[in-house]
Amino acid sequence: MPKPLTVEAPAELLAYMFEQWPELKKKQIRTWLKFQAITVNDRPVSQFNHPLAPGDVVAVRTDRFAVPKTVLSSGMKVLFEDATLIVIDKPENLLSVASVAEDEKTAYFQLTDYVRRQKADAHERIWIVHRLDRETSGLMVFAKTPEAKATLQGAWEQVTKRYEAVVEGALPKTEGVLESDLDERNPFKVYSARASAETRHAITRYRVLGRNRKLSLVELELETGRRHQIRVQLADVGCPIVGDEKYGSKTNPAHRLGLHATGLRFTHPATDREMSFESPLPKDLTRLLRAAPAQPRS
Numbered sequence: 001m002p003k004p005l006t007v008e009a010p011a012e013l014l015a016y017m018f019e020q021w022p023e024l025k026k027k028q029i030r031t032w033l034k035f036q037a038i039t040v041n042d043r044p045v046s047q048f049n050h051p052l053a054p055g056d057v058v059a060v061r062t063d064r065f066a067v068p069k070t071v072l073s074s075g076m077k078v079l080f081e082d083a084t085l086i087v088i089d090k091p092e093n094l095l096s097v098a099s100v101a102e103d104e105k106t107a108y109f110q111l112t113d114y115v116r117r118q119k120a121d122a123h124e125r126i127w128i129v130h131r132l133d134r135e136t137s138g139l140m141v142f143a144k145t146p147e148a149k150a151t152l153q154g155a156w157e158q159v160t161k162r163y164e165a166v167v168e169g170a171l172p173k174t175e176g177v178l179e180s181d182l183d184e185r186n187p188f189k190v191y192s193a194r195a196s197a198e199t200r201h202a203i204t205r206y207r208v209l210g211r212n213r214k215l216s217l218v219e220l221e222l223e224t225g226r227r228h229q230i231r232v233q234l235a236d237v238g239c240p241i242v243g244d245e246k247y248g249s250k251t252n253p254a255h256r257l258g259l260h261a262t263g264l265r266f267t268h269p270a271t272d273r274e275m276s277f278e279s280p281l282p283k284d285l286t287r288l289l290r291a292a293p294a295q296p297r298s
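Read in order, the letters of the sequence shown correspond to residues 1 to 298 in the UniProt record's numbering.
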């Protein structure tokens with residue numbers, strides 16, 4: 001594995017790596033970029049022409065992205081599995097867990113069937129640690145033991161949960177914090193409200209990654225995990241997620257919700273090893289930002 005590089009002069013990422021790592025095949029470097037195994041200042045990057053500035057550190061971190069070991073019929077990918085937990089990449093429009101109206105077409109049901117077929121044991125099961133909305137794609141972790149579930153849920157506030165969203169319009173700042181009090185009593189929709197005994201405080205950190213004339217790509221990191229937290233808070237600042245009609249979106253150019261769980265980092269409940277997973281933004285969302293690009297405003 002090549003050693004990390006410290007940039008000395010302005011350059012574009014792909015050309016810089018070709019120059020600095022001539023011993024490596026260009027196809028290998030492109031593959032690392034495609035799967036976000038290249039980091040700049042410890043942040044995964046997939047853009048070939050990503051601008052580099054003096055002092056930036058470029059490194060290869062293949063541990064950040066797990067190549068799928070299994071792809072199930074629904075398109076759900078098993079990225080990591082051991083005796084304690086399973087990490088998956090969930091496609092959009094797949095329920096995480098059962099609802100009153102739907103039981104079998106869920107990530108939980110399909111993953112349970114998967115582990116039972118692996119061990120030929122009809123009693124084998126998994127445990128739910130957290131949820132993603134049906135419309136949201138990306139990373140999820142399930143436990144294989146009740147002890148692992150309890151440990152992960154007990155430390156859930158310390159788990160790094162990162163998302164990327166394509167939103168309408170432009171946020172007021174390049175980066176900042178969204179804070180609000182959410183009323184989750186309505187089973188169909190969450191509302192921001194004045195703080196009270198019926199609300200829960202919600203905090204989301206954000207950073208604008210790019211923008212064109214109509215849309216922005218935003219990276220979001222949850223400090224709290226409320227239902228529909230990201231969707232409500234972005235709508236509150238006038239930047240609903242594309243395709244999110246429930247929270248005020250007027251456009252749906254990708255024919256799906258523009259929200260993807262891109263990063264998950266936590267301490268393994270059995271080994272205490274830090275586990276880090278990345279899932280690149282799906283192509284149907286990345287292509288939305290290619291038209292009429294512009295830099296985020298400061």
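Hint data in this document are derived by calculation from the structure and do not stem from the laboratory. All C-beta atoms in this analysis are idealised placements derived from N, C-alpha and C, irrespective of residue type, glycine included. Treat the hints with care, as some may be off.
Mimicking DSS-like on lysine-lysine, the simulated pairs with C-alpha atoms at most 25 Å apart in a straight line are [unchecked claim]:
no.	residue 1	residue 2
1	Lys119	Lys77
2	Lys119	Lys144
3	Lys105	Lys173
4	Lys34	Lys3
5	Lys3	Lys26
6	Lys214	Lys173
7	Lys34	Lys283
8	Lys250	Lys283
9	Lys26	Lys189
10	Lys77	Lys173
11	Lys250	Lys189
12	Lys105	Lys283
13	Lys3	Lys77
14	Lys246	Lys189
15	Lys34	Lys77
16	Lys105	Lys119
17	Lys27	Lys77
18	Lys149	Lys173
19	Lys173	Lys250
20	Lys77	Lys283
21	Lys27	Lys105
22	Lys27	Lys3
23	Lys144	Lys173
24	Lys214	Lys250
25	Lys283	Lys27
Pairwise CB distance ranges, derived in the manner of DEER restraints [unchecked claim]:
no.	residue 1	residue 2	range
26	Ile203	Arg273	20 to 30 Å
27	Ala83	Lys250	43 to 53 Å
28	Arg273	Arg43	15 to 25 Å
29	Phe48	Glu198	47 to 57 Å
30	Pro10	Arg273	29 to 39 Å
31	Thr6	Asp121	34 to 44 Å
32	Asp121	Asp236	31 to 41 Å
33	Arg213	Lys119	22 to 32 Å
34	Glu175	Thr6	16 to 26 Å
35	Lys250	Trp156	30 to 40 Å
36	Arg131	Arg273	17 to 27 Å
37	Pro253	Arg43	23 to 33 Å
So, going through the hints one by one against the coordinates:
1. Lys119 / Lys77: Within the cut-off at roughly 19 Å; holds.
2. Lys119 / Lys144: 13 Å, holds
3. Lys105 / Lys173: 40 Å, violated
4. Lys34 / Lys3: 19 Å, holds
5. Lys3 / Lys26: Status holds; Cα separation ~17 Å.
6. Lys214 / Lys173: With Cα atoms ~16 Å apart, lysine 214 and lysine 173 stay inside 25 Å; holds.
7. Lys34 / Lys283: 11 Å, holds
8. Lys250 / Lys283: 21 Å, holds
9. Lys26 / Lys189: It is violated: about 48 Å lies between the C-alpha atoms, which goes past 25 Å.
10. Lys77 / Lys173: 35 Å, violated
11. Lys250 / Lys189: 17 Å, holds
12. Lys105 / Lys283: Between lysine 105 and lysine 283 the Cα gap is close to 24 Å, so the pair holds against 25 Å.
13. Lys3 / Lys77: 30 Å, violated
14. Lys246 / Lys189: Measuring from Cα to Cα gives roughly 8 Å; hence the hint holds.
15. Lys34 / Lys77: This hinted pair holds, its Cα atoms lying about 17 Å apart.
16. Lys105 / Lys119: Holds, because 21 Å separates the two Cα atoms, which is no more than 25 Å.
17. Lys27 / Lys77: 24 Å, holds
18. Lys149 / Lys173: Given that 25 Å is the threshold and the Cα spacing comes to 38 Å, the pair is violated.
19. Lys173 / Lys250: 22 Å, holds
20. Lys77 / Lys283: 16 Å, holds
21. Lys27 / Lys105: Cα-Cα ~38 Å, so violated.
22. Lys27 / Lys3: Holds. Lysine 27 to lysine 3 sits at ~18 Å (cutoff 25 Å).
23. Lys144 / Lys173: 42 Å, violated
24. Lys214 / Lys250: 12 Å, holds
25. Lys283 / Lys27: 20 Å, holds
26. Ile203 / Arg273: 20 to 30 Å: 28 Å, holds
27. Ala83 / Lys250: 43 to 53 Å: Holds, at about 48 Å.
28. Arg273 / Arg43: 15 to 25 Å: 21 Å, holds
29. Phe48 / Glu198: 47 to 57 Å: Check passed, 49 Å falls within 47 to 57 Å.
30. Pro10 / Arg273: 29 to 39 Å: Hint holds: Cβ distance 37 Å, inside 29 to 39 Å.
31. Thr6 / Asp121: 34 to 44 Å: Cβ of threonine 6 to Cβ of aspartate 121: about 52 Å, so the range 34 to 44 Å is violated.
32. Asp121 / Asp236: 31 to 41 Å: 47 Å, violated
33. Arg213 / Lys119: 22 to 32 Å: 53 Å, violated
34. Glu175 / Thr6: 16 to 26 Å: Holds, since glutamate 175 and threonine 6 (Cβ atoms, about 24 Å apart) stay within the stated range.
35. Lys250 / Trp156: 30 to 40 Å: 34 Å, holds
36. Arg131 / Arg273: 17 to 27 Å: Once the Cβ atoms are compared, 25 Å apart, the range 17 to 27 Å for arginine 273 and arginine 131 holds.
37. Pro253 / Arg43: 23 to 33 Å: Holds - the Cβ-Cβ distance for proline 253 and arginine 43, about 26 Å, lies within 23 to 33 Å.
In terms of the numbered hints stated before, the structure departs from hints 3, 9, 10, 13, 18, 21, 23, 31, 32, 33, listed from lowest to highest.
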